[in-house]
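Asker: Next come the chains, spelled out residue by residue.
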Amino acid sequence: MELEKLIEKFQQKDVKAFESLYTMYNDSIFGVIYTIVKNEDIATEILQDVFVKAWNKADSYNAGKGRFFTWLLNIARNAAIDKTRSKSFKNAQQNLDVDFFVHSIETNDSLDEKTNAIGLKKYVSKLAEKCKKIIDFIYFKGYTQKETSEALEIPLGTIKTRNRNCINELRKMLEV
Amino acid sequence: MNSKEYIASGILELYVAGALSEKENEEVYAMMQKYPEVMQEVLSIEAAIVQLTAATSATDTTGIFDVIQTELNLSDDTSRETTIVPIQKPRSIFRYTGWAAAVILGISLIYSVLKTSDLQSELEVVQSEKEALKEQIYKANNDLTAATKLLSVLRTKDIISVPLGGQAVSPTSYAKVYWDKKANQVYLDLQGLPDPPAGKVYQVWSLTLNPLTPTSLGVIEGFSSDKDKVFDVTNTNESEAFGITLEPAGGSESPTLEQLYTLGVVASNP
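Protein chains in written order, with the working numbering: chain A, 1 to 176; chain B, 1 to 270.
There's no promise every hint is true.
Said to hold, decoys possible - If you anchor each label on the Cβ, the simulated ranges turn out as follows: (1) B:Glu-238 x A:Glu-153: 17 to 27 Å; (2) B:Glu-238 x A:Arg-85: 45 to 55 Å; (3) A:Phe-89 x B:Met-1: 21 to 31 Å; (4) B:Pro-248 x A:Arg-85: 49 to 59 Å; (5) B:Gln-191 x A:Arg-85: 12 to 22 Å.
Hints listed in this document are in silico derivations from the structure and should not be mistaken for laboratory results. Beta carbons are placed, not taken as given, at the ideal position from N, Cα and C, and that holds for glycine.
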């Protein structure tokens, strides 16, 4: 079914459509949450909350304001970041290495069953340091252009093109 | 801006990430509706990001959907049994007062629902006003940070500044090169160059003079869409001069000297 139709049905509280969307995005959303909280149990808990919230707030999604995937991504990142600020989380160890997502992909054994696994692993292992940082900030941490420019100490005007170059490499490898 | 330049600017990658302002999101959406190739590009970028992010998950969370369904009290089973409660015939006088009470209750329920939805829409208006204000502040901050960043780069002690003057093909053009030799970084201020015609790009060259040897430092992508016209490229060469030429999209192996827009020599070291 077309994505637009599926989203429409989901907004009309169709459980089957909800399940289809979950199957499309659960890995991505879990991956992003896990990259932020770095703990599997906590990440699973947040994943549940995110999709419960998505169901309850389905009405508030509007295609004119962005992609559905981006909408989910925002809910997930906000929930995960909220968690890292909570008291219960402060006790758990937090390391702030920016290439955590690279590490996750390189050590991901369950990837082998999926297509493009070798390509993806190769892609992240070859990834230039500045690409690792920019991808981590923009896609996993949800930084704005301005925040990324400050964190990387590069001019605001160069963020867009630099990020595009990094993503172009990924697309070449994935052939999308 | 045409759709090709729009795509090359990198804005769509940020759109998928959710890194744009609400206004920018609306602009991108309008472009997607207008140009199928922009729509296609967004879908491709999204597919790539979905795969990249999914690859960071080593846990199978398929089963979590059942937990979510239980938490939300959703069930696939639509054929719920209806229980039938026998109704006794009420006595006539009580029947009317009962109806009256029901009508009054109904009206007051409707009233309170209407009132609540009124309040809710008011709340939404206030919230979207708040968002708009935040957006304005954010935008102003953005501009300020860009300017501050630029200034701090230019003020670095070890920076070598090289003015590039306009050449025969475009005498009024000018540009400036700020070369951070230690960081092997070159910042280009290209405000004095006209927008390149469709299908052409500017290419930046490092030159050594004796003998004259050009080395490409790269092409400037997304020139027209860049607001401050400041770009950075890496330069590990012992440059003696810098030049900028107009080349076909993708750049050239060696500079097209008839299309040399600006040129400037590095002042010899003291």
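Asker: Taking the beta carbons of A:Phe-89 and B:Met-1, is their distance inside 21 to 31 Å?
Answerer: violated (44 Å)
Asker: Should the hint that B:Glu-238 and A:Glu-153 are 17 to 27 Å apart at their CB atoms be regarded as holding?
Answerer: Because 26 Å falls inside the window, the suggested range holds.
Asker: Between the beta carbons of B:Glu-238 and A:Arg-85, is the distance compatible with 45 to 55 Å?
Answerer: Distance hint for B:Glu-238, A:Arg-85 holds at roughly 50 Å.
Asker: Is 49 to 59 Å a correct range for the gap between the Cβ atoms of B:Pro-248 and A:Arg-85?
Answerer: The hint (49 to 59 Å, Cβ to Cβ) holds, given that B:Pro-248 and A:Arg-85 are roughly 51 Å apart.
Asker: Return holds or violated for the Cβ distance of B:Gln-191 and A:Arg-85 against the range 12 to 22 Å.
Answerer: violated (42 Å)
The structure fails to meet hints 3, 5 from the earlier list, while all remaining hints are met.
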